[in-house]
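Chemist: Residue numbers (our numbering), protein chains in the order written: chain A, 1 to 316; chain B, 1001 to 1281.
Take the hints with a grain of salt, since some may be wrong.
Claimed, not checked - Going by beta-carbon spacing under 10 Å, a handful of chain A positions derived as facing chain B:
id	residue
1	F19
2	A29
3	T212
4	T242
Source of the hints: derived by calculation from the structure; they are not laboratory data. The model shown is predicted, which means the values in this text are computed figures rather than measured ones. Glycine included, every Cβ here is placed at the ideal spot set by N, Cα and C.
One-letter residues, chain by chain:
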Amino acid sequence: MASSTPASLAGARIGDRVFKGLLTVAALAVPVLLTFLVWELWSGARLAIGRFGLGFLTSSEWDPVSGQFGALPLIFGTLMSSALALLIAVPLSLGVAIFLTEFAPTSIRGPMAFLIELLAAIPSVVYGLWGIFVMIPFLRATVFPFLKDTLGFLPFFQGPIYGPGMLSAAIILSIMVMPYIMSVSREVLLAVPNTQREAAMALGATRWEALTGAVLPYARSGVIGAVILGLGRALGETMAVTMVIGNRHEIAASLFAPGYTMASAIANEFSEAVENIHLSALSYVALSLFVVTVLINAAARLLIWRVARGSGGRSA
Amino acid sequence: MNGPRLRRLRSHLMVGLMALAVVLAVIPLLLILGTLVAKGASSLNLAFFTKMPVPAGETGGGVLHAIVGTLLIVGTACLIGLPLGIGGGIYCAEYPGSRLAVGTRFVADVLNGTPSIVVGVFAWTWIVSPQKHFSALAGSVALAILMIPMVTRTTEEMIKLVPNSLREAALALGYSRWRTSLTVVVRTTLPGIVTGSLLAVARIAGETAPLLFTALGSQYLSFKLDQPMAALPLVVFNYAIGPYEEWHQLAWATALVLILVVLVLSAAARLATRRKFSLHG
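Here chain B stands alone, though its shape is the one from the complex (with noise of 0.2 Å):
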């Protein structure tokens, strides 16, 4: 019906429209980046790192309380999350067509696509409200609670990459399962499973709703787990909607920061990765 002209000339046009949308999607994306860096940087120094905040009006001041909050809450929500996230991840894998593997991988896609808030609520019921007072610790909880399906998710889908001859090799040659399991197949593909325990690190340093009201945030520098805590994302939340011009700079420098972190984590991640290619191909 159609010339082969028309058709090869429509079917340029539609690539052509497709490119169009590359140009439309990656530009809000890239001036995103671009605004931070633009806005961020400036505010920017030594003190910023350094200095705790100061009282609303006056320049200066800094957000060493909430790097040492960010630092102390994802490290806690790692020392809860990723031991629990790796096991269920080895369990999967090695005992792959049990009931408890098949139920833990669905459940694991299931509490992925959770809204970080929710898992918030739930942390706020289960420990601040008992306790009735807000806490670092419930705030860690519910991030590694975020953390362990990624994180089980991630290192099954890395084990199951291990040939099974290497497994069977291990076993013909006497080793125990568990030593098979800790000392052939995890640590071949341990790279893997730092790519995986980083991508997910990434990801929950930026959480903020999940820490709303149960870290909820400090003007002060604490290192007290069972009281409130500032974190990073919270610093740019309640900055970027207070009235004060001098809030939104440092709501500026502070997300450049909280960017940085996140990226420097995932580029990581990807590097452990190539590593193990150029090692072991």
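The shape of chain A in the complex, shown without the other chains (with noise of 0.2 Å):
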């Protein structure tokens, strides 16, 4: 028992000093490996960004042999593979998130909640393996020819197929971002007051034109911000999409042929990697990967913390 004697209270003076400072050592431990992660990546990288500068995210050569290193090919397979995914998953997990929150029989809204965050769980280098033994050569027997004979006078649909290439990454990657998106976007959905729901409806509007009137425009900010959280997934993505892509140095038009990524080229040439340029230039990669899904997640951040506060919601 706490009695107040002077002596007790010096106790527990020395006692929250203690407590204070051990927390306070935890609490510095995250700011300070950030620190010390960004320092380690740049003198990594050091090396590459002296001898290619910036031109190095602009040029396409990548020669382990003779020391030329340029990442442009990364950067592009990184981007398309994410923007493809995005493509084909947003529209399913925002109208899965919609459908949960606003339409679905109650009964069945906690456990498809639950199951899609189990799904959210499931490793990385599982999809991959998946990608690899069921997905591919279904797609490759089936989708892909299809694409190539309905829409091969585009140019992403043309050339051979081999399975493994750009749009294999895209596919696998849109199935693993969609449960982020929709538990997200579900999450923000929650968040709109049920009042904005009821005075649409109580105006004669159909569930529909309440959604599109009066719950959407509340959650714009925030939906779009779980969009973005996806995309940050997508750009980090690794095991997965090294096991599909194909891995190759190369921009092609084709969304058939392989293409490589940021994340999937270090994932794979860093062990191998003997020269110190290679590795430099694998951090400088890696370096460049960091600064943007930084700018990125910080941006999803900013927008759903505008709906938790609820100054997104400027009536609609």
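Please assemble the complex out of the two chains, which come individually in their own frames, going by the hints.
Modeler: Here it is, written out as structure tokens:
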């Protein structure tokens, strides 16, 4: 029992100080780690930054033998696969999130949300395994020939069909980011006050009109935030993409052609690189990837916070 | 302009389209789970859990080395990551307005979105490169770095749910701040902190990218943290891209085990919070 003698008060004060000190160390660990991470990445990349400068980001040559490195095909591959993945994933996951918050019978809302959370927990390498042995054979036999026959006049669907390639990577990525976009946009939609819906319905709107006229405008910045968060995931996704994209340093118009991404180049080449300049070039790629994802995530957070704080709801 | 019937029709149509989206989105996800069970379950037997891998081309063998490796690597990551993560979370919740709390919160969000492969490069540059050899410890450090921001944020969110009156009551009874924090606030929210920690463990247990050039993988049973070590996700990756049918079989079985571990951890995490509500609610 705490009695108020001076001795125990002094003891409490020391205890408080020790406690706060320990917590401060733990809290400091996070910013210190980030600073350290940026510093180590930069020092690893310094050699390549010095030799190639910003031209590294616009050059297409990647030749470890002659020591020439340029990351343009990697940047292209990362942006292309992520953009395509979002193109597929965004309509589907927003449809699911809207359906689960606005229209679905109450009894299936909880279990479906639980299922989505679990699916977000499946490791990337497992998606990759499924991609190699189930998805690619299926796509190669059915979807790809169909696309080539019907849309073959477009440059995106020409050339030989290998199986592993840009489109395969985009499809597996879209499956992987869907749970994230679904669960975040579901939370954002749940945060929209019911009065928004009720007011629209009371004015005679149909359920669809209430959604597009009153709910979505309120949730807009949060939903955009969810999509950007999905983009951040897609950009940094490594294992599954490495396993299905074909891994070739090339920019091809055809989506059937193999490509490469920043993350998968690091995954494949880092442990095999022997030359310092090769390692440094890969660190440079890692640093660029880090900078891009930080910017994207910061933007997403800001948008989601706006809805959470309620300032996103300037009345629709 | 539009007749009411037309408007209602359009509403039904759009709702139907969204129901279709549910079907389209959920199908591949269920397919993945189905294939895993179908292809993996047949290779699961006692030998799979108790034997070492056999040379390529021979059938049989198991992944004991990777089970042990994952336990050691993830366990070490927890030893490093959980105290720092939980401590940081308590700090952010107990001193919410301080500059350090605001900064830590923001940086944790930034780190949460960092690609795991980048963290792997960091661990390589920091630990593997100066030591000049791959080590399980470097892998643990990489996983711990992924874990800390997750645990920090969930711990803080959980502690914020504790009503201030509870804290004030303890202080009014003469408890010191640290005893209030530990025996009242943290004690009340312990199931929530356990949930957050388990979810973080579930996530890092399946991570492959940060281990590729830190723990590297190994064909042997090893307990030495300063040496390369096998891990379940690495086994899935290496066997999946290998040329042998037997390897592919093992990859499926290992993936099934990995996903069971992840799902059990996630389910346990949810159970921990549910019990809290039935006890205190």
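Chemist: All the hints need checking, so say for each whether the structure fits it.
Modeler: Hints and how they fare:
no. : hint : verdict
1   : F19  : holds, 3 Å
2   : A29  : holds, 5 Å
3   : T212 : holds, 9 Å
4   : T242 : holds, 8 Å
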